[in-house]
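Undergrad: Next come the chains, spelled out residue by residue.
4 protein chains.
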Amino acid sequence: MNHDRPNEYPIPNTMKAWVLGNPEELTLVDKPVPQPGPAEVLVRVDAIAVCATDVEILKHGLPALIDGELPFNRGFTPGHEYMGTVVRLGPTVDEFEIGDRIAVEVHAGCGRCQRCREGMYTSCLNYGYRDKGHRANGFSTDGGFAEYAVNNVNTMVHVPDDMSDEEATLIVTSGTAMYGLDVMGGIIAGEGVVVTGPGPIGLMGVGVAKALGAEPVILTGTRRRRLETGKRLGADQVVNVNEQDPVEAVRHITSGKGAQYVLECSGAPNALNEAARMVSRGGRICLAAFPADPVPVDLAYLVRNNIYVFGIRGEGKSATHRAAALMAQKRFDAKLIHTHTFPLAEVPTAIKYARERIEDAIKVVVKIREG
Amino acid sequence: MNHDRPNEYPIPNTMKAWVLGNPEELTLVDKPVPQPGPAEVLVRVDAIAVCATDVEILKHGLPALIDGELPFNRGFTPGHEYMGTVVRLGPTVDEFEIGDRIAVEVHAGCGRCQRCREGMYTSCLNYGYRDKGHRANGFSTDGGFAEYAVNNVNTMVHVPDDMSDEEATLIVTSGTAMYGLDVMGGIIAGEGVVVTGPGPIGLMGVGVAKALGAEPVILTGTRRRRLETGKRLGADQVVNVNEQDPVEAVRHITSGKGAQYVLECSGAPNALNEAARMVSRGGRICLAAFPADPVPVDLAYLVRNNIYVFGIRGEGKSATHRAAALMAQKRFDAKLIHTHTFPLAEVPTAIKYARERIEDAIKVVVKIREG
Amino acid sequence: MNHDRPNEYPIPNTMKAWVLGNPEELTLVDKPVPQPGPAEVLVRVDAIAVCATDVEILKHGLPALIDGELPFNRGFTPGHEYMGTVVRLGPTVDEFEIGDRIAVEVHAGCGRCQRCREGMYTSCLNYGYRDKGHRANGFSTDGGFAEYAVNNVNTMVHVPDDMSDEEATLIVTSGTAMYGLDVMGGIIAGEGVVVTGPGPIGLMGVGVAKALGAEPVILTGTRRRRLETGKRLGADQVVNVNEQDPVEAVRHITSGKGAQYVLECSGAPNALNEAARMVSRGGRICLAAFPADPVPVDLAYLVRNNIYVFGIRGEGKSATHRAAALMAQKRFDAKLIHTHTFPLAEVPTAIKYARERIEDAIKVVVKIREG
Amino acid sequence: MNHDRPNEYPIPNTMKAWVLGNPEELTLVDKPVPQPGPAEVLVRVDAIAVCATDVEILKHGLPALIDGELPFNRGFTPGHEYMGTVVRLGPTVDEFEIGDRIAVEVHAGCGRCQRCREGMYTSCLNYGYRDKGHRANGFSTDGGFAEYAVNNVNTMVHVPDDMSDEEATLIVTSGTAMYGLDVMGGIIAGEGVVVTGPGPIGLMGVGVAKALGAEPVILTGTRRRRLETGKRLGADQVVNVNEQDPVEAVRHITSGKGAQYVLECSGAPNALNEAARMVSRGGRICLAAFPADPVPVDLAYLVRNNIYVFGIRGEGKSATHRAAALMAQKRFDAKLIHTHTFPLAEVPTAIKYARERIEDAIKVVVKIREG
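Protein chains in written order, with this note's numbering: chain A, 29 to 399; chain B, 29 to 399; chain C, 29 to 399; chain D, 29 to 399.
Since the hints were derived computationally from the structure, they do not count as laboratory data.
One or more of the hints may lead you astray.
[Unchecked claim] Calculated cross-link-like contacts (lysine-lysine; reagent style DSS-like; alpha-carbon spacing at most 25 Å): (1) K363/D / K59/D; (2) K259/A / K358/D; (3) K358/A / K87/D; (4) K358/B / K44/B; (5) K59/B / K395/B; (6) K59/A / K44/A; (7) K358/C / K259/C; (8) K358/C / K358/B; (9) K358/D / K363/A; (10) K44/A / K395/A; (11) K395/A / K363/A; (12) K395/C / K358/B; (13) K380/C / K363/C; (14) K395/C / K59/C; (15) K285/C / K259/C; (16) K87/A / K44/A; (17) K358/D / K358/A; (18) K59/B / K44/B; (19) K380/D / K358/D; (20) K44/C / K380/C; (21) K259/B / K358/C; (22) K59/A / K87/A; (23) K358/A / K259/D; (24) K259/C / K358/B; (25) K87/B / K380/B; (26) K363/B / K358/C.
Based on the provided sequences and hints, a complete structural model is requested.
TA: Pasting the structure below:
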């Protein structure tokens, strides 16, 4: 416990929050500060990172549609990669104390459907039904491009004192990468892992895979600077697909055997076919990204080679906790992917930087409060 | 032990065996009877079923190419779905006795590669390297369209006295279906399972799924007679895709929730996309068949809905033993898929019947010896 | 849906319910009918079975103590193996309709602790904290020796029209047996399973194991009549430990190899040591019962033989749903263990019969309402 | 590949080897250098560590008796924790080259029994049957207290150039610790792990657990110096059980919640009961050590708290490869447990040091050849 922090925080009645009008229309408004219910707390949002999915939501609405309802013109506040300070406890909460610094994961499952009951809360069958207990802040419930947000206690993880607000916003991204490795088996020390696509999840995937002892960790991509960042995060080898055939490169690096795992983070049209040829017979592939439209897939190759393909959305199985632990232990330097910072008033600019990769932006963070 | 059986069998020096010349050229020749090595036995083949893969091998060669080597004009004997009688024991064998009736599974892994070491012997990294201990009879080593064959003891399962030779040839097909259910999790009582495609594996999949308590078991296909056979094997519902949209039908049958599992046995171009829409969020799909060429796949749907896809080849994890146990316990009537019988001399006719589905052939059995 | 059932039920303000005073003191009182909260329904209890744990609770209090609080003199109503009719829906409930017949499982986890989050809700770390959402009816919240009870929707399973009230009370017992098989791996077709102890869980374990294709299923015990019941439930072999050494018997039946699994349901002092010698190297044992006091255990044997031991309490991982499916499909005749029936007014007599095994009572059911 | 190494090694016909006569009688003799068979290589033993099990074998014979056969007076050479140089390849071997430095794991399964077929080769049902392919060097086949030994290729792992011979002998010990963590689930980042007993396996368990991100890692023991070594290997907290009650200490360190996992390496009579109270409800315990005689165990506690107990013998599931990878990546300093070194001629002295913990010996290494 940090004895310097206050045990009470003044909480206003209203707050600044960005809300979504028509597609692509974000407006900064005054909204009532929300009230935490049972098992929930009020979080003062201190910083939030922009995710590519935020851009999708602005444009197209939610990735998992709820009875066709779209978020437009409903006063919805997006943003899901945030961290902050616990400032009010809902009824029955003793898992956190006022003043705790926390980072979030996205999904609070309903707790009553078959999937939640089996621990697969990111696949909650009541996705989007707030009344039934489901929350996916920034997706189906209000998110973090605002001064305050409400979180279920099971969507929060403690942030150590020596981790900056900016770095803490990256925990959820690391958690997604970690979940991808977990669903493929999770026991990866000494195994070859290829990460395809050096976006934020891919780069964190490199960091997590190396932290867990994977070897070799191979990163493929097109941008030299990002591949360099991948090296600093722990990649043993990087492959610039503009210069080398990535399948051949992986086969060469692994002495012809192929890797055990591919964490696909590029969403490129041929990524799955290539991934299949990067793994050895019986290998596994996690799809953490995807092309917008259907793409030709060589299913015969998957079947003949006993390959398993795992689609994931989000950061289930409490992977955020494991990722946070590795980051707290300084096993990899997540900060390397944080490239730009803006204040709350400039969320649209922040999103523009992330979207257009201005100045080779990787992770753009909105710092809402001085830490 | 059956006390009526002889404990010694006269074994000739040569045997009748079909061998592959050029593509599609099968010739009945005299070949030396092979000798079992350590951990191997000599099996007198009593009956063998024709598999769709046999047809592929005749036409195109092996599905898992070994350094580009093709089986043509090498004196190779195809056929992998056989049963017979143990007539000679190789050195060190005490797992079986002379006179035992047995059915086979295909893969004897090398026992020394990473995959075999982890129990994934159907993904053996030394596939095709006979010298290293790998055998896949009918694929990379001589198979069962012959009077005798050699088998590793770990590829055999006992056949009870009251099971006919013909039925015993179907154990390996049931084993493949069972393996498909196993890789998706295996604990399926009370869960919805859709089997797409009423070929032999699909129909056995219906039988196994129902035997293990799945509910509802839904079978989709185009041929009325096969769907009827599916019902007799335990399908709670059948869907004729010529008459109904199969995704809508499954959604309707499951009250909108979708099934938990799909065992894809059709190889239809849109089968995976449809399967993805048949399962609920977080559902699982096993691909036991595949289209010959790449097909458009909506990967975004897989990712957004946390769907896992398992390619399988063969009948790993000793699924053959479990399938044999269910058949011995008469949990489903595998014999329903056995439609035609021919003698050894008529293997080409048997294959023709299976290939062209003459008289709606499902499983065509070659009976080599009177049982 | 059963169109004959009413869609509204008259619900009184008070109900008859048994409450616990001092240890062993049960009194029938009038209590207010409870109100279902969010995700909960009001169940009209139609029948309830007596469990050995009920006797323990009467005598000693709860098996998982909550901060030392005992249930005595708090107006607590025990009883957890019940079934009934949904008569009122709490807010947000659409999983069930008024008039649905249901059976229950015990544990509604808190949904917010690490264990619930990973799907291990029977190990909820907030066990007993009603305020945090945990319910274990008949343990930490009011149970079913009463006319009405409140249940979370995730603790209920549908009962088919053709299953009697009495049989439906046995679902939860079957669920516990099924969970025991699940935690050991769950894929048991063709594998040897020994059930030690022919109490209710053991006998249901025989039924479930056989339904899933285990072979051989061996039941050990001392009472001839119960072993006979075991045979009728599917045991391939029974061993009377008064007449045979059970370890030798199992070794003999399995041709010296030992079984794959033991489901220990006797609680006998030497049961674990014997179970270890019944399984083959690498075998697994589930402890579903236990001796009251510490007993000598040969840990060296467990370690040297790579044996895993799984303690279970209750019926986690939705095993109740799977058990209910097998019972609905009439895979085994659970009714064979139902030996006696009493009305609500005679709960103490019912418990006495169960406790003292009067007239060789196995399952004693209290029928609260005519079905 | 190290280009400096020779590609041919002179191999004598005979070698120096220690053999076991009567219990406790070790004699240095001249023996023929063994010949590698298929899938085997000849290893020039360069260094070997003494294990507590070696002492047991000298005294009592093999831990897994083979039909009652004891190793005494059979010319058996013990020793299983060795490393060396590949100097001759058996038929078909291409996994290694002459000149490769390797470390070993113990068990080459038979590859044909049910356990090997499922990847559980340390539980091989043909344990001790050399003819059937099983090898457990230093247990049932000749080990490494000799100049040469034969190893199956699946029992060897590459040693990097910058790892000393002495350190490489510790790989198998780390592998055992890693296997213990693997069988409990293996995904341990951010989870509390208690290691009880600071012997070699326990200390390596600390190193591996910390390398994989466990937190906190707590080590309990009695010897101050060993606990200090544990701290240097990564323990966040150490508990001297002579000074503190270890259960209370663990509960205190974990803020009352308990740890997730206990790796029991002490073999103390009350260790399992204490471990059960160290973990939270639903926690897991691996027994990597054991008391010689049966001890009182509170099974009721295990059952009531859903605790799983995993007995392990050896280093299955290729854990040695994963441990070697972490050591090659210098994730923990295994060398800290290497305390003494002797030449081949002084094996009895080396064993005496290890056995009597002379000068607080932890790992005593016999250096057979100058590296």
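Undergrad: Which constraints among the numbered hints does this structure fail? Numbers only, ascending.
TA: 1, 3, 4, 12, 19
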